[in-house]
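J.: Start from the sequences and build out the full structure, keeping to the hints where you can.
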Amino acid sequence: GQQVMQIPQYQHVQEGEDFTTYCNSSTTLSNIQWYKQRPGGHPVFLIQLVKSGEVKKQKRLTFQFGEAKKNSSLHITATQTTDVGTYFCAARSNDYKLSFGAGTTVTVRA
Amino acid sequence: NAGVMQNPRHLVRRRGQEARLRCSPMKGHSHVYWYRQLPEEGLKFMVYLQKENIIDESGMPKERFSAEFPKEGPSILRIQQVVRGDSAAYFCASSTGQGRGEAFFGQGTRLTVV
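So the protein lines, in turn, are chains A and B. My numbering applies: residue 1 is where the first sequence begins, and numbers increase by one. My numbering applies: residue 1001 is where the second sequence begins, and numbers increase by one.
Everything labelled a hint here was simulated from the structure, so no lab data went into it. Check the hints yourself; a few may be wrong.
Using 30 Å as the maximum straight-line C-alpha spacing, the simulated DSSO-like pairs for lysine-lysine come out as follows [stated by the list, open to error]:
1. B:1071 <-> B:1027
2. A:51 <-> B:1044
3. A:59 <-> A:36
4. A:51 <-> A:97
5. A:97 <-> B:1071
6. A:57 <-> A:97
7. A:97 <-> B:1044
8. A:57 <-> A:70
9. B:1044 <-> A:56
10. B:1044 <-> A:70
11. A:51 <-> B:1027
12. B:1027 <-> A:56
13. A:56 <-> A:36
14. B:1044 <-> A:36
15. A:70 <-> A:59
16. A:57 <-> A:36
17. B:1044 <-> A:57
18. A:36 <-> B:1051
19. B:1071 <-> B:1044
20. B:1027 <-> A:97
21. A:97 <-> B:1051
22. A:36 <-> B:1027
23. A:97 <-> B:1062
What follows is a list of derived Cβ distance ranges for each label pair [stated by the list, open to error]:
24. B:1112 <-> A:10: 20 to 28 Å
25. B:1070 <-> A:50: 28 to 36 Å
26. B:1085 <-> A:84: 22 to 30 Å
27. A:51 <-> B:1014: 50 to 58 Å
Even glycine gets a Cβ: it sits at the ideal position worked out from N, Cα and C.
T.: Pasting the structure below:
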């Protein structure tokens, strides 16, 4: 199955600042998905990227899929306390198995 | 349309007992995934099933763990002779028959082995 690596593992952010989390694969991905898990909660789907170089925005969140379809990023601007949680990227292999990165856990300093 | 339903939400078992975790996928979904999550860690893939078939169980421990997704009824993750190291949150997710879309997660079963 696909192996995706996420960095950083932890991100401590001052409220109002921006940050980016990265997802990398050694192989070309057919698509990539991003999920968010709040503390004590379950993962919730955020977005799916399919096309090379694709960029999608959801309010303060910007998702990007690399030109070679081997990496992806999530950039959050003007971080708020509601952004606290763990952000996972996930990729499917040809047999549709969905494999998750280790996640980036975000904490916010008010 | 109810979401993915997992039960029980919390399960306490003594060492050596059996744990049965249930997952009812969303209506119309025929693909089920089970993941394990330890505190402060990511989601570890365990098994991927379609109706009546195990597609990929590469993440399942070879012993004591089994999973099924029968034609009728929920998917079951069974852990025999539980040990303390099995304590974790177990999440089930389902997706459409095409297996391409987003995965919808249940709220998880928190297993505690005492």
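J.: Evaluate each hint against the coordinates.
T.: To see whether the hints hold, each was checked on the structure:
This hinted pair checks out: residue 1071 of chain B and residue 1027 of chain B have alpha carbons roughly 13 Å apart, not beyond 30 Å. For a cut-off of 30 Å, the pair hint linking residue 51 of chain A to residue 1044 of chain B stands: about 27 Å separates their Cα positions. Taking the CA atoms of residue 59 of chain A and residue 36 of chain A, the gap is near 15 Å; set against the 30 Å cutoff, the hint holds. For a cut-off of 30 Å, the pair hint linking residue 51 of chain A to residue 97 of chain A stands: about 19 Å separates their Cα positions.
Taken as a hint, the residue 97 of chain A and residue 1071 of chain B pair is honoured in the structure, with Cα atoms around 20 Å apart against an allowance of 30 Å. Taken as a hint, the residue 57 of chain A and residue 97 of chain A pair is honoured in the structure, with Cα atoms around 26 Å apart against an allowance of 30 Å. For the suggested pair residue 97 of chain A and residue 1044 of chain B, the alpha carbons sit about 12 Å apart, so the restraint of at most 30 Å is met. For a cut-off of 30 Å, the pair hint linking residue 57 of chain A to residue 70 of chain A stands: about 20 Å separates their Cα positions.
A distance of roughly 27 Å separates the Cα atoms of residue 1044 of chain B and residue 56 of chain A; the hinted pair therefore holds under the 30 Å criterion. Pair hint residue 1044 of chain B plus residue 70 of chain A holds up; C-alpha atoms about 21 Å apart against a cutoff of 30 Å. Between residue 51 of chain A and residue 1027 of chain B, the direct Cα distance comes to roughly 29 Å. Compliance with the 30 Å bound is thereby established for this hinted pair. Distance restraint check for residue 1027 of chain B and residue 56 of chain A: the Cα-Cα separation of roughly 29 Å lies within the 30 Å cut-off, and the hinted pair is therefore satisfied.
Between residue 56 of chain A and residue 36 of chain A the alpha-carbon distance is near 16 Å, which keeps this suggested pair within the 30 Å criterion. Distance check on the hinted pair: residue 1044 of chain B and residue 36 of chain A sit about 15 Å apart at the alpha-carbon level, within 30 Å; holds. At roughly 25 Å between alpha-carbon atoms, residue 70 of chain A and residue 59 of chain A fall within 30 Å of each other, so this suggested pair holds. With a CA separation close to 15 Å, the supplied pair residue 57 of chain A and residue 36 of chain A stays within the 30 Å bound.
For the hint linking residue 1044 of chain B to residue 57 of chain A, the alpha-carbon distance of about 28 Å falls within 30 Å, and the restraint holds. For the hint pairing residue 36 of chain A with residue 1051 of chain B, the CA-to-CA distance comes to about 28 Å; that is within 30 Å, so the pair holds. Distance hint between residue 1071 of chain B and residue 1044 of chain B is fulfilled; the C-alpha atoms sit about 26 Å from each other, no more than 30 Å. For the given pair, residue 1027 of chain B sits about 20 Å from residue 97 of chain A by alpha-carbon distance, which is consistent with the 30 Å threshold.
Between the alpha carbons of residue 97 of chain A and residue 1051 of chain B the distance comes to roughly 15 Å, so the proposed pair stays at or under 30 Å and holds. Taking the CA atoms of residue 36 of chain A and residue 1027 of chain B, the gap is near 23 Å; set against the 30 Å cutoff, the hint holds. Between residue 97 of chain A and residue 1062 of chain B, the direct Cα distance comes to roughly 19 Å. Compliance with the 30 Å bound is thereby established for this hinted pair. Separation of residue 1112 of chain B from residue 10 of chain A is about 26 Å and conforms to the stated range, judged on CB atoms against 20 to 28 Å.
The hinted range of 28 to 36 Å is satisfied by residue 1070 of chain B and residue 50 of chain A, whose Cβ atoms lie roughly 33 Å apart. The supplied range of 22 to 30 Å is met by residue 1085 of chain B and residue 84 of chain A, whose beta-carbon atoms lie about 29 Å from each other. Checked against the hint of 50 to 58 Å, the C-beta distance between residue 51 of chain A and residue 1014 of chain B comes to roughly 52 Å, which is consistent with it.
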